[in-house]
Structure formats: C-alpha cells, structure tokens
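Number of protein chains: 2
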Amino acid sequence: MLTDFYAKYFPFWNALSSDDKAYLCQNTFEEHFESAQRIHDNSACSGLFIVKSGRLRLYILSEDGKEISLYRLAPGDICMLSASCVLQSITFDVYVDAEEPSECYRISGPAFADISSRYLEVKNYALEIAVGRFSDVMWIMQQIVFMSMDKRLAIFLLDESSVSGSDTISMTHDQIARHLGTAREVITRMLKHFVTEGMIEVTRKGINIIDKSKMRSIVK
Amino acid sequence: MLTDFYAKYFPFWNALSSDDKAYLCQNTFEEHFESAQRIHDNSACSGLFIVKSGRLRLYILSEDGKEISLYRLAPGDICMLSASCVLQSITFDVYVDAEEPSECYRISGPAFADISSRYLEVKNYALEIAVGRFSDVMWIMQQIVFMSMDKRLAIFLLDESSVSGSDTISMTHDQIARHLGTAREVITRMLKHFVTEGMIEVTRKGINIIDKSKMRSIVK
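Going down the list, the sequences are from chains C and S.
Residue numbering for the first sequence follows the working numbering, beginning at 292 and increasing consecutively.
Residue numbering for the second sequence follows the working numbering, beginning at 292 and increasing consecutively.
Think of the hints as simulated: they come from the structure by calculation, not from any bench.
Some hints could be false.
Copies of one chain are not kept apart here, so a pair can be met inside one copy or by any two copies together.
[As the list claims (entries may be wrong)] The calculated DMTMM-like cross-link candidates involving lysine to aspartate or glutamate, where the alpha carbons are at most 25 Å apart (straight line), are: (1) K442 / D384; (2) K511 / D355; (3) K505 / E354; (4) K357 / D427; (5) K357 / D441; (6) K442 / E476; (7) K511 / E354; (8) K511 / D384; (9) K505 / D355; (10) K503 / D458; (11) K343 / E321; (12) K511 / D332; (13) K343 / E325; (14) K503 / D441; (15) K312 / E412; (16) K511 / D427.
As the structure is a computational prediction, the values presented were derived from the model and not from experiment.
Just chain C, with the same shape it has in the complex (with noise of 0.2 Å):
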C-alpha cells in the first residue's frame, strides 16, 4: 500500500490531516522509464521522484549540448530539483534521464507545492532535501575547478566499478567525455595514458581496470 509507504518513507507524514494524505496519495503515478528514456526537461514542474528501482541521473546541459552529471539517484532516493514549483528559489534548469530501466513514483508537483505551502515541515523536507543536494553539486564543483582531468577520470571510473559492481565500465569514450563536460579527444587521451600505465586495458566491451590501487593512488 501507497500510505504504508509513504508513513515509512516521510518523516512529515504523521503532521498530515487524512484528506491530505489521501490527496497526495491520489496525485502519485506509478512510472515506468526506458534506459537512457528523459524523464524531466524543466518544460514543465515534472513534479517529485521517489525511485523504486533503476537508476536516474541528474544534470545540466548547455547550449551546445555539453553535459555535467551533479548525482544519480539510487532505489529510495527522492529527486526533488525536477519540482520547481515546489521549490521556487531553484532558479536553474536540471535534466533527469533514466540511466537504467526505472520504476518510480511521481508526486505532481503541483499538488506537492499545495501541501508544501500548508504545512511548514514539508517545506522544510523539501528545502532539506535540496540542501543535501547542493552539498553534492559543490563536491562535483571542487573536482571540476580544482581537480586535473586525470584525478576525475581516475574518480569517475572507481565509482562506475563501485556502483556497477564490476570491474569493467561498459561506456564509450564520448559517454565519459560527457558525464566529465569535456571533449572526447581529452579522454581518450587519458584513457592511452592509463593504459600505458597498467591502470586499465581497453576491450570490446569496454575498459576494464587491472590496477585499482594504482588508481586509487593517483586519486590522492
């Protein structure tokens, strides 16, 4: 059952008169989203997230097309950034895809924004929320400004093992390039000298890393 879920997951639950729960409860959808399937474009308040399964992954795009990954969202977590109508001093444009295939629930954000704007803890659920995430945007800011692109790659391939649980990141050089906001050729060159270093062998199914604390060692 949605309520028994929701008493669990919402710390604000218990604040809510019956109607408004059974209002939330009636603007909640069960979503289904392809592999690499857009799920939110800031065309519209998409409204709220909770991922039951998969994968998604939130980011900024330029102009041009470039990208920037900020976070992914894991089975439990909750995307608050794609209810701008929730969260009206978010004045940025985020892009969320499915990187897996995903089952999720989505809160309308407007109904979201009506309660949020009776009941102050849900306000500040959502303003905590957001908060947390802008803890991680900085952390992926420091690595962008202060970090040479060698220390990322390094980075961003130990976490893509760690989270896919194997050793070999099934990702092309243009993938990586964009999760990183930079050039293909910028990677594939790193990628020449990790080899040349017996970090990484490239194969057919992708890079497979040989030497992890030799690659956790240029982390440092």
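Based on these hints, arrange chain S on the given structure of chain C.
Same frame as chain C, but now just chain S:
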C-alpha cells in the same frame, strides 16, 4: 534599536517568544572588518553575518590555494553558509573575506541553531536562504563549465564595473585570476586580446573599459 531592525529584517520575528527575541539580540555582536580581512574559515561555526555596510566575498579554496568566488554580500544581505552548525546538510567548506571595510551584525551560530531547532519558521528561513544561494552557485558553475574564458572575463569586468559604479577596475591580473580560478598568464593574454579589440585600455589605475557595448556583445 536592534529589535526594530530584526522585526523588519526577519520574516519569522513575530513567531518568536519575547525571551527568544531577547536571546537572539543578546547573541548578536556588532563587528568591524578591515578590507581583505578573512572573517570565516570553517575552523569554527562563525555564525551568521548581516552586512550593514561594505562588502563580503564568499569563496571556496583548494589545498594549493586556488580560489573560486561564489558570490558577494552587499548591505542588507545575510551570510548563512558561515553557520555550519545551523545547516547540518551543508558539508562543504567556504571562506568569507571582507572586500571593503565592512560593518556587520554577527549572530552566534550555536544561538541561532538553538532557535532554529525550536521554531520551524526559523529553520525554514535558514534553508530558504541556503537554497537561494544554491542557484547562485549553479550559475557560477555553468559559467565555469560551459563558458569560454573570454566570456567569463568580460562578464566579470562588466559586473565589477556595475558594482563599483566606475568604468575602471582597480585590480591586478593576479586578483582577477584568483576570482575566476585560473592562472595569471591566462588573464594577461586575454586582456591583451581585449586591448587589441579596442574594448579596454590598461592604465596605472587598472583596467578601463572603453567600449562596453562591444564587451557586452561577446557575452551574448
């Protein structure tokens, strides 16, 4: 009177008990800072700064001393990110310097955290301020990641000119480089290019913008 000022300044003021109003006033300190003085460095929860006069700059700093300015605080603005004990989901380190001789009210971090833990309205206020700054930081991040350095430098010079109300920007190449998180050489090369293009002239007093409309045209 501080009470009168706070009554106008803080939207939550009327929600506080008389005791808590007095408590907040007792934990407010009038402080003066010299130009270039560092007033917050994350070694402690410095508290909140409300700027009465002057100008503060908030920035991040890398281990090797590289800086990125995130935003400036003008009279009437409040600095919330220097109160890490109030916003526990803010996990990144920021630094705050006075850019001019500045007068501020400083509210003790622990006192404000105490009030904010007891009044949802106060917590909300603190979070709203932080989320608003999130948008400012995203704007900077998009500039860094997506914009070429000539555009960023032009935007910086136009902003400085607009803030100071003068066409002359009295900063060294090194200072500008620190603001933009790049090397001095990059700024020197770019400024030479701007001189050749007839947008600026470099004098003893600093950088003089002589063709604003041309400079604005490269920003578009």
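Broken hints, by number:
none
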